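> Sequence:
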Amino acid sequence: MSTSEKTPDFIRAIVAEETASNKWGGRVVTRYPPEPNGYLHIGHAKAICLDFGVAQEFGGQGHLRFDDTNPTKEETEFVESIKADIRWLGFDWGEHLYYASDYFEQLYLWAVELIRKGKAYVDDLSMDEIREHRGTLTAPGRDSPWRDRPVIDNLDLFARMRAGEFPDGAKTLRAKIDMAAGNVNLRDPVMYRIRHASHHRTGDAWCIYPLYDWAHGQSDSIERITHSLCTMEYEDHRPLYDWYLDALGIYHPRQIEFARLNVSHTVLSKRKLLQLVSEKIVAGWDDPRMPTLSGMRRRGYPPEAIRDFCDRIGVGKTQNLIELALLEHCVREDLNKRAPRGMAVLHPLKVVIENFPEGKVEEMEAVNNPEDATMGARKVPFARELWIEQDDFREDPPPKYFRLSPGVEVRLRYAYIIKCTGVVKNERGEVVEVHCTYDPATRGGTADRKVKGTIHWVSVQHARSAEVRLYDHLFLTLKPDESEDWKASVNPNSLERLMNCYVEPALANAAPGERFQFERTGYFCVDPDTAPGHLVFNRTVSLRDAWARLEKAETR
RNA sequence: UGCCUUGUGGCGCAACGGUAGCGCGUCUGAUUCUGAAUCAGAAGAUCGAGGUUCAAAUCCUCGCGGGGCAACCA
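Counted from 1, the first sequence has number 577 at position 81 by my numbering; the numbering is strictly sequential.
No lab work stands behind these hints, which were simulated from the structure alone.
Computed from a prediction, not measured in an experiment: that's the story for all the values here.
Beta carbons: idealized from backbone N, C-alpha and C, even for Gly.
Taking CB as the label site, the calculated pair distances span:
no., residue 1, residue 2, range
1, G590, E513, 22 to 28 Å
2, R756, N681, 17 to 23 Å
3, P663, D742, 31 to 37 Å
4, E513, T634, 33 to 39 Å
5, L1039, T568, 43 to 49 Å
6, D652, E513, 43 to 49 Å
7, G522, L633, 41 to 47 Å
8, G555, E829, 26 to 32 Å
9, D639, D742, 19 to 25 Å
10, V920, G1009, 37 to 43 Å
11, L633, A755, 18 to 24 Å
12, L707, A516, 33 to 39 Å
No more than 20 Å apart at the CA atoms, straight line, and that leaves these computed lysine-lysine pairs for PhoX-like:
no., residue 1, residue 2
13, K948, K896
14, K983, K768
15, K813, K502
Please model the complete structure; the sequences and the hints are all you need to start from.
The structure is reproduced here in structure tokens:
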């Protein structure tokens, strides 16, 4: 609904315009082209939502194409995780699953064609020599001594490169463009390198592999992509993208670049993410603190919320830093209307209701989701001894504290109004038990007596114990990336494991992946570490907490 | 001292020569058996200087500032 009223971003505007002018014969075809060398993260989600979203909105088709041109870095494991993550996000490539490696033969033929046209040559320069000849950002490069090798020799040498006659790095195939170009990408870019390495899909069929620039545009062309959307760092590559297609005279898609996503309090570079995992700063790629899709899934972020987020951040060309708070807002908004409620006590404190008969149990009716009546209600057992949150009792309450304290009344959610009559302390003077009396006339729903506070609880004898993992920002700083020593700002308290929590019995059989709102504390998701007799919940995101703000403001 | 790109509230995105608007965040207040949600309201912006024009965020100059690019990575 919101999208229909929103003015389209510049990419959708271009697509709409070109659709209106029938530039592409009524087709809209996009592609998401990951390299299978790592896990997908929220930044990739932006690109995926854009690529598949645009195709969907214009009645076109989105392709998934693995850009697998570098056998030394890519693995099947990543292919599978990427497919799973994209499906989980909610997108479908239908029949259109492709691999750049499927096009190796065609690419080879086209390379031969460029050689014949005098637009490519075999170079004997070493990697270092090529770099040296390339010049610098401000100084032009120099031609390779092999640049004017006769076509016939180039043809012969290139065939022998493919045949495996030369060792790794001995020769390359280069496009003959302009060693003095201001755009460094145009200084005779390498098209093929020799790598005697086996590829995750083509095995040992090849020992020469195309580079990104040579593979990408031609793959787009083969698939008859209309709009090839990529991030800004490829902007300087567009002239080369266009050059190859024009030199070949084949179908020519339009490349459009947009700014990649940056999110506060985290890092989104594959290298850094890998470091977090390999240095065991986090538990793995799917650690709930990670900005990976697998991490967010485990944490309990719904795919709908992530898509909504990608929708709201927009698409532009300027450098951006999206506040994590926006993502959290999207998660809360989605979960608020869908997550069933439950009561759980994270930091337990025992309450004894002195005038409630020992051994007596009452069943209280609790609404499953006040936002959605169709989700029904459940029974919650109530007895003489209860667990409440330590934060919900203060022996010496500060001003505006609406919860339990000596002589003060609060409502127990869905149950009775109770009044604190006294406390029991241990030898260290800490309150270990709170004594109360209840008013039988105030049972859930009946009495309309006003009390300032309502707190949640769990019956001691019916409680199930659980482990709860609380997460905070992985980094303390807004832009950890900015610092050379980015790991210094890792939040030492980003994970807090509470081993001694109690949840209401209705939650006893929750299955991994199920999401709940624990009333007054936050949204939680059952972790796969859950085993029979051992419940584990991840806090997806806390509820907004006006009291915490107030208290924080007072302290300052 | 090359090439490409970009400057609108704290953050992100609109306004395409005609009253600068939206979302998040922040702050009030109402309401509430979740200090949640919801509702109402507030504060807060066009990088600078010149021009063109009745009128400029928008067009033109000149400054200043961000980002990217020199793998046989993608």
